[in-house]
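So the protein sequences, as listed, match chains A and B. According to our numbering, the stretch in the first sequence is residues 5 to 290, in order. According to our numbering, the stretch in the second sequence is residues 375 to 582, in order.
Warning: the hint list may mix true and false statements.
[To be verified] Each computed DMTMM-like pair below joins lysine to aspartate or glutamate, with the alpha-carbon atoms no more than 20 Å apart:
hint: 1; chain 1: A; residue 1: K133; chain 2: A; residue 2: D66
hint: 2; chain 1: A; residue 1: K212; chain 2: A; residue 2: D236
hint: 3; chain 1: A; residue 1: K212; chain 2: B; residue 2: E506
hint: 4; chain 1: A; residue 1: K212; chain 2: B; residue 2: D458
hint: 5; chain 1: A; residue 1: K133; chain 2: A; residue 2: D57
hint: 6; chain 1: A; residue 1: K133; chain 2: A; residue 2: D156
[To be verified] Covered stretches of chain B (chain A as the covering partner; in silico rule of three or more C-beta atoms under 8 Å from a C-beta of chain A):
hint: 7; stretch: 458-464
hint: 8; stretch: 484-493
hint: 9; stretch: 523-529
hint: 10; stretch: 539-552
hint: 11; stretch: 561-567
[As the list claims (entries may be wrong)] What the simulated footprint calls covered on chain A by chain B, stretch by stretch (three residues with Cβ under 8 Å from a Cβ of chain B suffice, anywhere in the stretch; the number is not a length):
hint: 12; stretch: 121-132
hint: 13; stretch: 136-148
hint: 14; stretch: 156-166
hint: 15; stretch: 242-249
Read the hints as simulated data drawn from the structure, not as lab findings. Built from N, CA and C at the ideal position, the CB exists for glycine as well.
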Amino acid sequence: MKFHRAFVLFVSQVFLGLAVASMLVSVALFTVWSHHASAESPSFVRVIHASPDIGTADVFVDGALLLSSFQFGAVTGYAAVPPGPHKVQIALVSKGINSAVLTQTLQVAPGAVYTVAATGTQSTNLALKVYVDNNRLAPNTSRLRIYQLSPDAGNLNVTTPQKSLITGIPYEIASNYLTVSPGDYHFTVTSPTSNASRSIDATLDANKITSLFAVGLVAGNPQFAVVSAQVDGVPGLPNTGSDPNPSVSPDNEQPFLPWTYGMLGMMAVLCMGGWGYLRQKAKKQS
Amino acid sequence: MYLRRAGVRVWFPLACILVLSLCACGPVSSSTYKAEPQPSPSPAGGVPSPASQLSGVATPAHLIISAIGVNASVEPVGIQANGDLATPTQNPWENVGWYSAGPRPGEDGSSVIDGHVDRPGGSAAVFWRLDELRVGDTVVIVDSTGITRQFNVTRLAYYHPQDAPLQEIFGTSGGTYLNLITCAGEWIPSQHQTTLRLVVYTTLETAR
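Could you build all of it, start to finish, from the sequences and the hints given here?
Structure (structure tokens):
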């Protein structure tokens with residue numbers, strides 16, 4: 005009897021130990037796997053040339069030529085780059101990396117999306133400004149963001165013929181994303197302090213993200229202008245799981261049939277009878 | 375003797391209750407239906423649309439992943455009202471959904487296909503075994519003209535849905551990619567979703 009109890013205790017402890025060990029191993033493996041996956045995600049970077057004092061330029065990243073003959077006002081598409089620090093250098097076209105007029109190290113995070121703008125003038129300091137973008141689409145609508153990159157325009161207002169969209173965007177600041185109906189738009193960007201304005205026509209497509217960049221100089225060259233760029237919005241990840249314990253809804257409920265009740269009743273009677281018989285037999289034997 | 379009698383006293387009523395419970399559960403709900411994903415019909419031919427004639431790539435018709443027993447019809451899907459990628463509706467548990475606003479598998483960029491991991495009640499759906507794929511495994515797309523394209527698995531990654539690198543999954547260019555998505559992790563009843571998403575990244579190997 006003692007041996008039997010000890011054996012049962014031993015077996016139960018072994019199973020408990022195995023269960024705890026497997027849980028710990030699962031957690032450890034998942035943590036490593038999950039971390040490993042996120043660390044491999046690249047960053048996404050696009051570049052706009054918005055520095056009036058840098059002419060057509062070559063852009064080097066970590067010592068390698070990334071963009072050649074990059075013109076003022078040009079916007080690249082998003083390119084995948086490894087996350088981490090990157091040394092970015094901008095030199096006048098064909099002058100070589102050793103003649104870089106702007107050198108800056110940028111830190112980019114895995115999976116993040118950025119717009120990097122070359123901004124400023126020699127007098128206000130050339131710099132690379134980094135904006136974190138969010139290209140998540142809004143269903144059946146279009147999203148719009150304005151980047152104020154004109155050094156002498158002051159705070160900017162953006163309007164359409166119908167209404168004011170946003171007011172007072174300071175220099176080197178990007179607006180929040182605006183959600184607008186898809187369609188053809190006539191945007192006017194105004195600098196109240198300089199009494200200057202520029203207009204641009206743009207078609208905003210559904211599920212896309214449009215950027216308006218105010219660039220150039222109100223009092224100088226290259227002249228104050230508005231540049232647009234549009235990219236596809238990205239959806240969120242789908243919900244492809246199902247409830248493992250769904251509640252019974254009227255749609256999928258199946259009614260009890262008459263024979264089901266009868267069968268269950270018979271089984272209950274048989275079970276109770278059998279249990280009573282065995283109980284009586286046990287009493288007699290004791 | 376005592377132990378045997380005690381065993382009878384305890385286990386017999388319990389066994390009866392168990393039998394009754396099993397009998398009672400069966401006819402009540404269809405949610406306990408357990409069926410493995412069924413092989414889909416063979417690829418159907420079709421005339422490429424004008425858009426596919428321009429790009430030279432037709433819409434995907436079938437997804438075949440021999441390593442995990444998947445042979446599924448592909449149906450185009452869009453986005454839901456909340457902005458998330460939609461899932462198949464014609465045959466939710468056995469079909470897979472191709473994000474038709476993105477590239478077609480074989481075009482430059484990241485094409486995306488999703489599929490359910492399970493059905494209500496927890497039985498297997500089309501991507502039940504997606505997590506068993508390993509780097510180097512083959513994923514085959516047969517398009518509507520019968521052209522077969524082979525992709526190779528390059529990476530598996532698990533993400534919390536709110537932290538996933540969406541640009542990487544849907545917007546990577548400079549190559550020809552096919553990314554497969556399904557759910558993973560634990561079910562969260564209050565959110566009516568699982569904790570994680572599994573993304574299998576693949577790259578085009580051959581087309582014939």
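Verification of the hints:
1. K133/A <-> D66/A: Holds. K133/A to D66/A sits at ~18 Å (cutoff 20 Å).
2. K212/A <-> D236/A: Holds - the C-alpha atoms of D236/A and K212/A are around 5 Å apart, at most 20 Å.
3. K212/A <-> E506/B: Status violated; Cα separation ~35 Å.
4. K212/A <-> D458/B: Between K212/A and D458/B the Cα gap is close to 14 Å, so the pair holds against 20 Å.
5. K133/A <-> D57/A: Holds, at about 15 Å.
6. K133/A <-> D156/A: 16 Å, holds
7. 458-464: holds (count 4)
8. 484-493: With 6 residues closer than 8 Å to chain A, the stretch 484-493 of chain B meets the three-residue bar; holds.
9. 523-529: violated (count 1)
10. 539-552: Contact hint for the stretch 539-552 of chain B vs chain A: holds, 10 residues under 8 Å.
11. 561-567: That given contact holds, which follows from 4 residues of the stretch 561-567 of chain B lying within Cβ reach (below 8 Å) of chain A.
12. 121-132: With 0 residues close enough to chain B, the hint is violated.
13. 136-148: Contact hint for the stretch 136-148 of chain A vs chain B: holds, 5 residues under 8 Å.
14. 156-166: Coverage by chain B is violated for the stretch 156-166 of chain A (0 residues, Cβ < 8 Å).
15. 242-249: holds (count 8)
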